[in-house]
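Visitor: Under numbering that gives the first Met the number 0, residue 365 is the last one in the sequence shown; the count climbs by one each step, no gaps.
Don't take each hint at face value.
Claimed, not checked - So the derived label-pair ranges between C-beta atoms look like this: (1) Gly248 with Lys143: 51 to 57 Å; (2) Ser213 with Ser137: 34 to 40 Å; (3) Pro196 with Glu331: 33 to 39 Å; (4) Thr60 with Pro196: 33 to 39 Å.
What the hints assert, rightly or not - Only pairs whose alpha carbons sit at most 25 Å apart, straight line, appear in this in silico BS3-like list of lysine-lysine: (5) Lys162 with Lys226; (6) Lys141 with Lys89; (7) Lys53 with Lys252; (8) Lys349 with Lys336; (9) Lys53 with Lys299; (10) Lys195 with Lys277; (11) Lys195 with Lys89; (12) Lys53 with Lys241; (13) Lys241 with Lys252; (14) Lys278 with Lys226; (15) Lys365 with Lys316; (16) Lys195 with Lys226; (17) Lys53 with Lys336; (18) Lys151 with Lys141; (19) Lys151 with Lys162; (20) Lys143 with Lys195; (21) Lys278 with Lys252; (22) Lys162 with Lys143; (23) Lys349 with Lys365; (24) Lys343 with Lys299; (25) Lys316 with Lys299; (26) Lys349 with Lys316; (27) Lys195 with Lys141; (28) Lys336 with Lys299; (29) Lys365 with Lys299; (30) Lys299 with Lys278; (31) Lys343 with Lys53; (32) Lys141 with Lys162; (33) Lys195 with Lys299; (34) Lys195 with Lys278.
If you are wondering where the hints come from, they were derived from the structure by calculation, not from laboratory data.
Every residue, glycine too, gets a C-beta built ideally from N, C-alpha and C.
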Amino acid sequence: MSLSVGIVGLPNVGKSTLFNALLSKQQAFVANYPFATIEPNVGIVPVPDERLPKLAEVAHTNRLVPATVTFLDIAGLTKGAAGGEGLGNKFLSHIREVSMILHVVRNFSDSNVIITGSGDSLEAFLTIETELQLADLSTLEKQKEPRGNPEKSERVRWEAVLKLREALRDGVSARAVDLTRDEELASRELFLLTAKPQMFVLNTDETGVAQSHSEVVLRFVGGLRNKGVEVNEADCVVICAKLEEELAGFDEKERLEYLRSTGLSRTGLESLTLVAYKKLGLMSFLTAGELEVRAWTIAKGTTAVEAASVIHTDFVKHFISARVCTYLDFVEYGGWKGAAERGKVRVEGKTYVMNEGDVVEFMIGK
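Using the sequences plus the hints, can you model the full thing?
Guide: Spelled out as structure tokens, the structure:
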């Protein structure tokens, strides 16, 4: 699925350091000056999935293919971007193309880093959010009221425009506006930036990593709520981007030793990728054979025939059925044969709604 996460933040909050760590190597050019990164860098990052190695054992294969999330490192926004200042128009066009916005905010002090503004994490987020709101307001101000006797769809769209325009004039982002289902669907045609889902990386130093995760998050979320911005604590991840960049250079043994020494089950980046995957409304179904085991990305609510089309579009036309087994049963009973003998394999039709972790084999005709 072509869903992506745009990494945004004021210059020098650690975006490119985070991106380098996500890619496990230095692929983004990092410099200590605003606008060092002009074109967005694209990285496809694997989603951690502990199920794949176990499936590979059962299927007797060494090839594991995880699901992925696409991240884009978008150059630092600055105040005035909505009016085209700095490289504002370019930045906003890149943000418009992504499915979700990932805000990186500073949660540490470093006298060696050049920063824009006061360096306060709340102010940094609000600066960017204001620029996105102004860009959306500009979009809405250009909308024309339908004349004469418009179709119902046009009336619904205009009602959505009026609600959204009033809210944005008051400094309220589109995602916080109470729209009817029809209005929400109509508003998608406007491609508003502040309607996109968002999450936060609180980029801290190694001292901050030692603090309680909930303590850091609650302080940030509480500050935003005091300013009238509602943020879900589950959408925040605390990361030391510099440390994660170093960890990305470790081999697997060194990485596991580090995790054991800190009592963590996964790195901050792995946690971030999982949160992003879920926030995008994605899940995985699994296939297991001698050639490979693979996690395939689908949206929640996807039917069996739609899932089959992710593997190959021709499967839609020739779909017969799907053999489905839960991951736990598949592993416990040693694969398709053992699971089938114990009545754990179901045959489902086109309209079956896929579940997270379904192990599937599609029956396709000629």
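Visitor: Would you mind marking each hint as holding or not holding in the structure?
Guide: Going through the hints against the structure:
{"no.": "1", "hint": "Gly248 with Lys143: 51 to 57 Å", "verdict": "holds, 55 Å"}
{"no.": "2", "hint": "Ser213 with Ser137: 34 to 40 Å", "verdict": "holds, 38 Å"}
{"no.": "3", "hint": "Pro196 with Glu331: 33 to 39 Å", "verdict": "holds, 36 Å"}
{"no.": "4", "hint": "Thr60 with Pro196: 33 to 39 Å", "verdict": "holds, 35 Å"}
{"no.": "5", "hint": "Lys162 with Lys226", "verdict": "holds, 21 Å"}
{"no.": "6", "hint": "Lys141 with Lys89", "verdict": "holds, 20 Å"}
{"no.": "7", "hint": "Lys53 with Lys252", "verdict": "holds, 19 Å"}
{"no.": "8", "hint": "Lys349 with Lys336", "verdict": "holds, 23 Å"}
{"no.": "9", "hint": "Lys53 with Lys299", "verdict": "holds, 24 Å"}
{"no.": "10", "hint": "Lys195 with Lys277", "verdict": "holds, 14 Å"}
{"no.": "11", "hint": "Lys195 with Lys89", "verdict": "holds, 18 Å"}
{"no.": "12", "hint": "Lys53 with Lys241", "verdict": "violated, 32 Å"}
{"no.": "13", "hint": "Lys241 with Lys252", "verdict": "holds, 20 Å"}
{"no.": "14", "hint": "Lys278 with Lys226", "verdict": "holds, 24 Å"}
{"no.": "15", "hint": "Lys365 with Lys316", "verdict": "holds, 9 Å"}
{"no.": "16", "hint": "Lys195 with Lys226", "verdict": "holds, 20 Å"}
{"no.": "17", "hint": "Lys53 with Lys336", "verdict": "holds, 17 Å"}
{"no.": "18", "hint": "Lys151 with Lys141", "verdict": "holds, 21 Å"}
{"no.": "19", "hint": "Lys151 with Lys162", "verdict": "holds, 17 Å"}
{"no.": "20", "hint": "Lys143 with Lys195", "verdict": "holds, 23 Å"}
{"no.": "21", "hint": "Lys278 with Lys252", "verdict": "violated, 30 Å"}
{"no.": "22", "hint": "Lys162 with Lys143", "verdict": "holds, 14 Å"}
{"no.": "23", "hint": "Lys349 with Lys365", "verdict": "holds, 17 Å"}
{"no.": "24", "hint": "Lys343 with Lys299", "verdict": "holds, 23 Å"}
{"no.": "25", "hint": "Lys316 with Lys299", "verdict": "holds, 22 Å"}
{"no.": "26", "hint": "Lys349 with Lys316", "verdict": "holds, 11 Å"}
{"no.": "27", "hint": "Lys195 with Lys141", "verdict": "holds, 20 Å"}
{"no.": "28", "hint": "Lys336 with Lys299", "verdict": "violated, 28 Å"}
{"no.": "29", "hint": "Lys365 with Lys299", "verdict": "violated, 29 Å"}
{"no.": "30", "hint": "Lys299 with Lys278", "verdict": "holds, 11 Å"}
{"no.": "31", "hint": "Lys343 with Lys53", "verdict": "holds, 18 Å"}
{"no.": "32", "hint": "Lys141 with Lys162", "verdict": "holds, 15 Å"}
{"no.": "33", "hint": "Lys195 with Lys299", "verdict": "holds, 17 Å"}
{"no.": "34", "hint": "Lys195 with Lys278", "verdict": "holds, 11 Å"}
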